[in-house]
Amino acid sequence: MKTELIIQNFFNGMSLGSLYALIAVGYTMVYGILRLINFAHGDVFMMGVYFAFYFATLAHMPWWLAFVMAVFGAALLGFLIDRIAYKPLRKAPRISALITAIGMSFLLENLAVVLFSGVPKSFRNVYPDFFNQMIIIGGHTELKRGREVIVDALRIPNVSVVTLIVTAVALFVLWFILYRTRVGMAMRAIAMDIQAVALMGININLVIGFTFALGSALAAIGGIFWAMRYPQIWPYMGFMPGLKAFVAAVIGGIGSVQGAVMGGLLLGILEVMLVGFFPQTAGYRDAFAFFILIVLLMFKPSGMFGKPEIVKV
Amino acid sequence: MDRMKLSGRTKFILTTLFVLFMGFILFAAQENLNSYILRIISLIGIFGIMAVSLNLINGITGIFSLGHAGFMAIGAYVSSLLTMPLAQKEMTFILEKVSFPFNTELFSSCPFIFATLAGGVIAAFAAFVIGWPTLRLAGDYLAITTLGFSEIIRIFAVNATGVTNGAMGLKGIPPYTDVWWSWGWLLITILIIGSLIKSSYGRALKAIREDKTAAESMGINVFKHQLTSFVVGGFFAGVAGSLYAHWLTTIDPKPSTLGIMLTFNALIMIVLGGLGSISGAVLGAGMFAFFSEWLRFVESDINIFGFHFEGISGMRMLVFSGLFIIVMIFWPKGLMGRNEITWDGVYKTICKIKKLTKTGEKRLGISGEREGEEL
Chain A
1 MKTELIIQNF FNGMSLGSLY ALIAVGYTMV YGILRLINFA HGDVFMMGVY
51 FAFYFATLAH MPWWLAFVMA VFGAALLGFL IDRIAYKPLR KAPRISALIT
101 AIGMSFLLEN LAVVLFSGVP KSFRNVYPDF FNQMIIIGGH TELKRGREVI
151 VDALRIPNVS VVTLIVTAVA LFVLWFILYR TRVGMAMRAI AMDIQAVALM
201 GININLVIGF TFALGSALAA IGGIFWAMRY PQIWPYMGFM PGLKAFVAAV
251 IGGIGSVQGA VMGGLLLGIL EVMLVGFFPQ TAGYRDAFAF FILIVLLMFK
301 PSGMFGKPEI VKV
Chain B
1 MDRMKLSGRT KFILTTLFVL FMGFILFAAQ ENLNSYILRI ISLIGIFGIM
51 AVSLNLINGI TGIFSLGHAG FMAIGAYVSS LLTMPLAQKE MTFILEKVSF
101 PFNTELFSSC PFIFATLAGG VIAAFAAFVI GWPTLRLAGD YLAITTLGFS
151 EIIRIFAVNA TGVTNGAMGL KGIPPYTDVW WSWGWLLITI LIIGSLIKSS
201 YGRALKAIRE DKTAAESMGI NVFKHQLTSF VVGGFFAGVA GSLYAHWLTT
251 IDPKPSTLGI MLTFNALIMI VLGGLGSISG AVLGAGMFAF FSEWLRFVES
301 DINIFGFHFE GISGMRMLVF SGLFIIVMIF WPKGLMGRNE ITWDGVYKTI
351 CKIKKLTKTG EKRLGISGER EGEEL
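Protein chains in written order, with my numbering: chain A, 1 to 313; chain B, 1 to 375.
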């Protein structure tokens, strides 16, 4: 294995991992507050991509505006999902909320099939060609079949670099909201003790709704960059990334935002490395995430950064 | 109020009579109805097995498993590979030759009952292997790992071309499943799972559902009980998968055929019927099969006041998922809650109606038929 390839795979894994991290943060924040696996999160991710697609193609917005609008659209969708489906079930047993979340995921997928049709669409002509170009570092030119080609070079697609930068910025904004604003303080407080926060006169439902909106916005950012990596979009595209991002959140320790980011990066790098070093296993790459999850949970049931749950009798 | 109770012998006779009566109805249906309706009736039986077995895991034991489709896929593939004739296998497997042991005469054209049992046993074994590491996890983690496992099984079905023919799937599976097979297996499922729930074993399972820690401190081996319930559920899921494969006659590893959709559908059935009730699960399965056929009209072209609306495919599932959420929010107990339809309950209702007609009272409680289960 050449050094260039290792660096290239590492970079590739980082950029895939940062997408997992963006989605995983939404899972972990909602879980931290409501103890609910928001199964619909992966479908908010998908909806975000479709919003971007239709804002750019039907509404003829410039691509950057379409992307920003799609992120806001997804945030609104996340807020509405909480209001419609989860808010009436705050006092219900946790299993009811979980089943409703599955139903919500099902509803969004079928809504997408009805609205956007089940036929895959191409995201290629939505974003400028700049993202597909490669940064080429090092290497030397060689003549092959009468043409000069660069070999042994480090090739990194622009979209990977942009993904990393945007993820870093988004996570910084998230950190700022969580630790430097009043609403962030309320979110952290709710994660500790929801009833005590209600007694302090804080509008819990608004804060929870804001959490959903924030998580959904991050998922939509992840989704748009995902669609640039894999430009085929269809209503079930959110299922696998959503599931794997949840796995990432669990690996990092669910409820912990830092853990979700670390888990996402780790999962992305391991997955790309696996496929890079053992190309014959490429078909099983989706299964690999669950394998890691099960091995980890056997030895460290609360993930890397999670606090173990203590049951009091 | 011991007049409200029936003796065990009466109940046994009534149950036998009821089964014979159902058998007669199925016989009459087979003689008189067309093949389309008969197919739906068989499907109700398959869905019933699916729902009752998932209900044992999710509703009775309180393990929130989302891996049902995985076990069904195992049952479907194993049994189909066993019943398919060798010539049909050679025709179907284009990408790669079918691998040992399915390329021998011994493992082809097997009797349906044997193939279904084999599918069930291997699915049960898979449930054992999957349950062993995951049942130590808490509820939510378990849901996601079992979902992951069913997805892993599907991914293996896509990639293990020598056994499953990859994404092309298996074609030309003999159409063995008819009304008798599916309802016969449903009867066996209900009898076995029903008597399991009624035994001390079942009471232990319910205790685990209500409070794991309390059950453990009463000396119940929580892990062993959960694993048993998981394995029994897995066995019947495999049986349902086998019946489903021989009903479809073509299976492939798409999410909509033998993937996550199937788990969702089974979950909808048991939630509609009431988590933790066998009769509820069967009713839920019947309702699901009926409505998913009946709702086909929303996908066809509609003319309202001269306006023509073109049918949109996928509308049916949208309506279904919308209904599902509404049921969850406004009616989270489902049709039956945790109650069962029992002979005692029916008898009580009859007694009440008699009493009411005697005293001339008009108020009739409709909840009379729902008898609280004997914990």
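Don't read these hints as lab results, they were simulated from the structure. Source: prediction; values computed, not measured. There could be a bad hint or two in this list.
What the hints assert, rightly or not - Here are the computed lysine to aspartate or glutamate pairs in the EDC-like style, where the Cα-Cα straight-line distance is at most 20 Å:
{"hint": "1", "chain 1": "A", "residue 1": "Lys91", "chain 2": "B", "residue 2": "Asp211"}
{"hint": "2", "chain 1": "A", "residue 1": "Lys91", "chain 2": "B", "residue 2": "Asp140"}
{"hint": "3", "chain 1": "A", "residue 1": "Lys91", "chain 2": "B", "residue 2": "Glu210"}
As the list claims (entries may be wrong) - Covered stretches of chain A, as calculated for chain B (at least 3 residues, CB under 8 Å):
{"hint": "4", "region": "17 to 24"}
{"hint": "5", "region": "60 to 69"}
{"hint": "6", "region": "297 to 303"}
We put the beta carbon where it would ideally sit given N, CA and C, even for glycine.
Between Lys91 (chain A) and Glu210 (chain B), does the CA-CA distance stay at or below 20 Å? holds (18 Å)
Would you check chain B against the region 297 to 303 of chain A, counting CB to CB pairs closer than 8 Å, and say if three or more residues qualify? Coverage by chain B holds here, the residue count being 3 at a Cβ distance below 8 Å.
Three residues minimum, CB to CB under 8 Å: does the region 60 to 69 of chain A make the cut for coverage by chain B? Let me know. violated (count 0)
For the pair supplied as a hint, Lys91 (chain A) and Asp211 (chain B), confirm whether the alpha-carbon distance does not exceed 20 Å. holds (19 Å)
According to a criterion of three or more residues whose C-beta lies within less than 8 Å of a C-beta of chain B, is the region 17 to 24 of chain A covered? Since three or more residues must qualify, the claim that chain B covers the region 17 to 24 of chain A is violated, with 0 doing so at under 8 Å.
Given the hinted pair Lys91 (chain A) and Asp140 (chain B), is their Cα-Cα distance within 20 Å? Roughly 18 Å separates the two Cα atoms, so the pair holds.
Going down the numbered hints, you'll see the structure goes against 4, 5, while the others check out.
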